[in-house]
Amino acid sequence: MLPVSELPLDQSLLTDRTIDIKLVGVGGAGSNAVDRLKMDNLDRVQMAVINTDLQALSASPVQEKVLIGSSVTRGLGAGGDPDIGREAADTDRAKIAAVVKDQDLVFLVAGMGGGTGTGAAAVVAEIAVEQGALVIAFVTMPFTFEGGRRAKQAEEGLQALRRVCDAVIPLPNNVLLQEAGENESVLDSFARADEWIGRGVKAIWAMLLRTGMINVDFSTLRQAFQSRGGKTLFGLGSGAGEHAAAQAIDSLRHCPLLTTPENARKADRLLVNITGGPDLAINRVKELMQAVTEEFGMDSHVVMGAAIDEAMQGRVEVVVLGTTDLGGRGRASVRNPVNAVRVKSKEKEPVAAVAAPTAAPSPAPVQAPPPAVAAPVAGPGAAMSAAVAATAPSLLPKEAPAPAPSLFAMPASSSSSSSAHKATAGEPVAQNEFTFGEQESRGHFENTDRNLFEGQDLDVPTYLRKGIKLAF
Amino acid sequence: MSSKTSFIGAVEIGTSKTSVLVGEYTGRELAIIGYGECPSRGVVKGTVVDYKAASECAHHALESAEQSAGERIDFVFLAQTGSHLDGFYNETSVNVKSADNMVSMLDIDTVCGLATAKELPQGRMVVHNIRRPFRLDGRVVPGSPEHLVGRRLEAGYWIVHGQENKLADAIHVIRGFNLPVRELVLSSLAAGHMITTQEERQAGILAIDIGAGTTDYVLYRDGGPYLTGVLPVGGSHITNDLSLGLRLLEGQAEKIKIHHGRAIVAPGAKGDKVWLDGDFRIGDRQFPRQTIEQITSARCWEIFEVVRKRLGTQFSPEKCAGGVVLTGGASKLPAMAECAAKVFGVPAHLGEAPSSVSQNLRDPGYATALGLLYYGLSSQAESSPRQPRRKAGFLQRMFSGF
Chain A
1 MLPVSELPLD
11 QSLLTDRTID
21 IKLVGVGGAG
31 SNAVDRLKMD
41 NLDRVQMAVI
51 NTDLQALSAS
61 PVQEKVLIGS
71 SVTRGLGAGG
81 DPDIGREAAD
91 TDRAKIAAVV
101 KDQDLVFLVA
111 GMGGGTGTGA
121 AAVVAEIAVE
131 QGALVIAFVT
141 MPFTFEGGRR
151 AKQAEEGLQA
161 LRRVCDAVIP
171 LPNNVLLQEA
181 GENESVLDSF
191 ARADEWIGRG
201 VKAIWAMLLR
211 TGMINVDFST
221 LRQAFQSRGG
231 KTLFGLGSGA
241 GEHAAAQAID
251 SLRHCPLLTT
261 PENARKADRL
271 LVNITGGPDL
281 AINRVKELMQ
291 AVTEEFGMDS
301 HVVMGAAIDE
311 AMQGRVEVVV
321 LGTTDLGGRG
331 RASVRNPVNA
341 VRVKSKEKEP
351 VAAVAAPTAA
361 PSPAPVQAPP
371 PAVAAPVAGP
381 GAAMSAAVAA
391 TAPSLLPKEA
401 PAPAPSLFAM
411 PASSSSSSSA
421 HKATAGEPVA
431 QNEFTFGEQE
441 SRGHFENTDR
451 NLFEGQDLDV
461 PTYLRKGIKL
471 AF
Chain B
1001 MSSKTSFIGA
1011 VEIGTSKTSV
1021 LVGEYTGREL
1031 AIIGYGECPS
1041 RGVVKGTVVD
1051 YKAASECAHH
1061 ALESAEQSAG
1071 ERIDFVFLAQ
1081 TGSHLDGFYN
1091 ETSVNVKSAD
1101 NMVSMLDIDT
1111 VCGLATAKEL
1121 PQGRMVVHNI
1131 RRPFRLDGRV
1141 VPGSPEHLVG
1151 RRLEAGYWIV
1161 HGQENKLADA
1171 IHVIRGFNLP
1181 VRELVLSSLA
1191 AGHMITTQEE
1201 RQAGILAIDI
1211 GAGTTDYVLY
1221 RDGGPYLTGV
1231 LPVGGSHITN
1241 DLSLGLRLLE
1251 GQAEKIKIHH
1261 GRAIVAPGAK
1271 GDKVWLDGDF
1281 RIGDRQFPRQ
1291 TIEQITSARC
1301 WEIFEVVRKR
1311 LGTQFSPEKC
1321 AGGVVLTGGA
1331 SKLPAMAECA
1341 AKVFGVPAHL
1351 GEAPSSVSQN
1361 LRDPGYATAL
1371 GLLYYGLSSQ
1381 AESSPRQPRR
1391 KAGFLQRMFS
1401 GF
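In order, the protein sequences belong to chains A and B.
The first sequence runs 1 to 472 under our numbering.
The second sequence runs 1001 to 1402 under our numbering.
Simulated from the structure, these hints should not be mistaken for laboratory data.
A virtual CB, placed ideally from N, CA and C, is assigned to each residue, including glycine.
Hints may be right or wrong, so weigh each one.
Stated by the list, open to error - As a list, the in silico EDC-like pairs of lysine to aspartate or glutamate whose alpha-carbon atoms are at most 16 Å apart:
1) B:Lys-1255 - B:Asp-1222
2) B:Lys-1004 - B:Glu-1024
3) A:Lys-101 - A:Glu-64
4) B:Lys-1342 - B:Asp-1284
5) B:Lys-1166 - A:Asp-449
6) B:Lys-1309 - A:Glu-454
What the hints assert, rightly or not - Which stretches of chain A does chain B cover? Using the computed rule of at least three CB atoms under 8 Å from a CB of chain B, they are:
7) 188 to 198
8) 447 to 455
Stated by the list, open to error - If you anchor each label on the Cβ, the simulated ranges turn out as follows:
9) B:Glu-1146 - A:Glu-287: 49 to 57 Å
10) A:Ile-308 - B:Gly-1138: 48 to 56 Å
11) A:Met-213 - B:Asp-1272: 49 to 57 Å
12) B:Asp-1086 - A:His-243: 56 to 64 Å
13) A:Asp-449 - B:Gly-1138: 40 to 48 Å
Chain A with its partners taken away, still in its complex shape (with noise of 0.2 Å):
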C-alpha cells in the first residue's frame, strides 16, 4: 500500500494513518444527540454540532459549535422551515466544509421534519462528501402525532440525503412509541431515540476501531458503500447467556433502525460484525453467522468480523451493515485520491506531496470497484458478466473512475470528478429515488398477487433485482 519512499515505517507515519471520524449533529434533534454521546466519551471521535439557533448551541457541552445562517435567520432558528435550513447552510458553506475537513468517516446526527434538521442535513453532506468523507447519516423520522406536514417535511428530508449520503439510517419514533410504557414522558421517548442513534454510531465506531480477530477496516467499510443512493440496512441486537446467540439474532430483528418491509430485508453486500467475550465460543460465531445471512444476505458477498472484548463476558452483540445495488444509480463518484489516501495537511514535507499521485494506484480498488462487483450477475454465466464488466467502463465514464495510471495524464480528473459529483448531489432528476417495497415497478403484473421466491418479487424485472447495469 506505502509508496515505496515511505517505508521504512517509522513512528510517525503508523500514528497519522489513523482514521478520523466525526460526529456532527444538524438541527435541535441532531444537536441533543451528540451532546448525549458527549457523555460516552468515545475516544477518537471528534463531535461537532451545527445549527441555526445560538440559544441551543450556547446550551450544549460540545467544543466545536457552528452556528450557520446568521445573515438568515439572525441565530434565531429556521423555525420548522427546510427551506431556510437549507438557505441557512448554503449561505455558510465555508463554516460547514471547515467541520468536515480531513475526515474520512463523517457520522451525520440529525432529526427528519423540523426546519434545521431537515434542510441543513442534507447540505451538510454533501459538503462532506466533496471533502472526501465517508458519510453515514442517522436521521430520526418523527411521530405520526407530530402531524402530516412534518412527516411530509422529514420523507423529502430523507430522499435529499438518501441521493447524497453513502448510509442513511433512519430510525422511526412511531417504532419506539410501540415500545414505550404506558406512562413513558415524551422526553424518555426522545431520550430513548438518541441512545438508539448512539447505539448505532457506537456499533459502527467499535466495529472500525477495535481490532478483532476478524477485523473489518475502515475500507471495508468504504467497500461496502460503494453505490451511493441503494437503500441500507442496518441492525444490532444484543445477547447474554446461554441462548446469548439466539436472543441476539431476536433483539436483532426487532431492532428499530432496522425498519424495512419484511421482503426488503435483503442485501447485496453484508457486514456482519460480532462482538463477544473472550469465551465467545466458535460455534456461536457460526450460528450467528448463519442466521444473519439465511435472513437478509441474497447471493450476497458476506464481510464477516469478530472481536473480543473482556467487558463483554458471557455476552455476544451483533451489528449487520448491509447495502444494496437496487435503485444505487451509479456508483460513488471518484473520491479525490488526495483524501483517499490520508495526507493530512501536516505532513508538509516533499516526500507526501510525491506520495500523494504515486499512492494513488493502491487505493484505486477502493475507488472503483472491481468489475466483478461492479456488475453481481449472480446470474447469467461468467460470459455475460464479463462482458457487462467489459463494457462498464467504457459506458458509464462519469461513474466509473479512469483507471488509476492516467491520473498522472489528466490532473484535473481529481477536480473534474468533484464537479461531476456536485452535479448529481445538486440535480435531486438525475437519480432515481428508491424506496422499500413500493416503487419496484412491476408494469403489467402491477395488480396481480406477488410472486415471491427468496423473498424476492419474480414480477420484478430479473436485471432490476440483479442489479445488472444495462448498457445504453
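Given chain A, work out where chain B should sit, using these hints.
Just chain B, lined up with the frame of chain A:
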C-alpha cells in the same frame, strides 16, 4: 359411427392463447381431426382472472375447433396450470400380510389407499396422485409388485393439489359451453408426455414447458413423473422486463423479444443496434442489441435457476441422464437450450413432438394441447383397471353439480 368412437377436446387455457384440439378416438387409435385457437384475454400467469373474457375466448376456440373438425366434442380434457397448484410427497408402507410373504392385491390396495389418504387443508383439492414406483424391502419394483415376495411394501405418491375455487373457475369456463370436463391434467404432465420418450423417462429427464404466463416442469425418473411444479413466470415476464427496461409498449416489447431476444448474451455483438420498427417512420428508435439480450438473458437464466432451486436436492445430474428438454412458446427464444444446459449442468435440447404429429402442430406452443390428448387417453386406459392413478371420478363427482 360406432358407439365406441368419441370426440375429445383437449383444451388449454393459456396466458397467451387458448388452444383446442379435437381428437377422434376409436378405442384403439387417436386421430387429430380439428383445431381451434384464440388469443387469450382475462388470463394472467396461468390463472383465470376475468371469467367473462376468458370464457369468451375459450368458447370461440371451441367453436372453431368443432367447425374445423366437423363434429361435436363429447368431452374435454383440460390442462391445468397456475401458481395455486402445489405438490407434496407422501409415503407409507405396510407389512405384507400373507404368511408366505407374497404380495397380494390387497396389500397393494392398502398401501396405495394409505398413501393417498393424506388430508388437504380447507379449500384445496387433489388434481393428481402420481405414484412413484413401489418398493419392496427397500428395492425398487418397476411394475406391479403383485406375486413378488417380500416383507415390507412401500408406496409413495407425489400429490398435486390446487385451490378448489381456481380449479372450479377453469372448469366453469368449459361447462359454460355445455361440455363436460372428463379430466384435469397438469400442463407439465401433458407437455412432458409429448416431448419425452419412455426411454428418456426411465433414465431420468427434466421437462420444462415455458409458456407465456407460467413455467411448468416435471421431473421424470424410473419411467414415471417423479415430481412436478409450476412457476408463475414465463414469456410474458420477458416481455414485461423489456417494456420496463426499454420503456416500450407491451406490443413493441413483444416484437423486440421475438426478433431480437436471446437467452444468453451473444458474444461480439457489442456495438450492434436494432431498430424498433425498422420502417423509418417518425418515432422509430434504436436499441443496442446487447441491452435487449441482457434483459432477456437475465430473466431466462433466472427462470431456470428458480426451477433448479425449487427442485433442490431432488435434481441431480447423475439421476437425470436424459438431461433437460424444453418446450412452450418461450422456448423458441434463441439459445434457450444452451442457457438451460448451463444452469442445470446437463445437456439440454428443445423438445419435438413425435413425427406422427402433423407439421403445423409441431410448434412447441402446441405441446401441451397435444400431450393432453395422448396423456389423457393413456392415463384413462390405465385407470380403468383397479389401479386408479388419479381421482378422475372424484373430480367428476365434484363438478357434476355445477
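Going down the list of hints, with the structure as the test:
1. Distance restraint check for Lys-1255 of chain B and Asp-1222 of chain B: the Cα-Cα separation of roughly 41 Å exceeds the 16 Å cut-off, and the hinted pair is therefore not satisfied.
2. Restraint check: the Cα-Cα separation between Lys-1004 of chain B and Glu-1024 of chain B comes to about 10 Å, which is no more than 16 Å; the hinted pair holds.
3. Pair hint Lys-101 of chain A plus Glu-64 of chain A holds up; C-alpha atoms about 13 Å apart against a cutoff of 16 Å.
4. With a C-alpha separation of about 36 Å, the suggested pair Lys-1342 of chain B and Asp-1284 of chain B falls outside the 16 Å cut-off, and the hint is violated.
5. Between the alpha carbons of Lys-1166 of chain B and Asp-449 of chain A the distance comes to roughly 14 Å, so the proposed pair stays at or under 16 Å and holds.
6. Restraint check for Lys-1309 of chain B and Glu-454 of chain A: satisfied, since their Cα atoms lie roughly 10 Å apart, inside the 16 Å limit.
7. With 0 residues having a Cβ less than 8 Å from any Cβ of chain B, the segment 188 to 198 of chain A misses the three-residue criterion, and the hint is violated.
8. Counting residues of the segment 447 to 455 of chain A whose beta-carbon sits less than 8 Å from any beta-carbon of chain B gives 5, enough to reach three: the coverage restraint holds.
9. The hinted range of 49 to 57 Å is satisfied by Glu-1146 of chain B and Glu-287 of chain A, whose Cβ atoms lie roughly 51 Å apart.
10. Taken as a hint, the range 48 to 56 Å holds for the pair Ile-308 of chain A and Gly-1138 of chain B, whose Cβ atoms sit roughly 51 Å apart.
11. Here the CB-CB span from Met-213 of chain A to Asp-1272 of chain B is close to 52 Å, well matched to the stated 49 to 57 Å.
12. Take Asp-1086 of chain B and His-243 of chain A: their Cβ atoms lie about 35 Å apart, and the range 56 to 64 Å is violated.
13. Range check, Asp-449 of chain A to Gly-1138 of chain B: about 42 Å between beta-carbon atoms, so the 40 to 48 Å window is met.
Hints 1, 4, 7, 12 from the earlier list are contradicted by this structure; the remaining hints agree with it.
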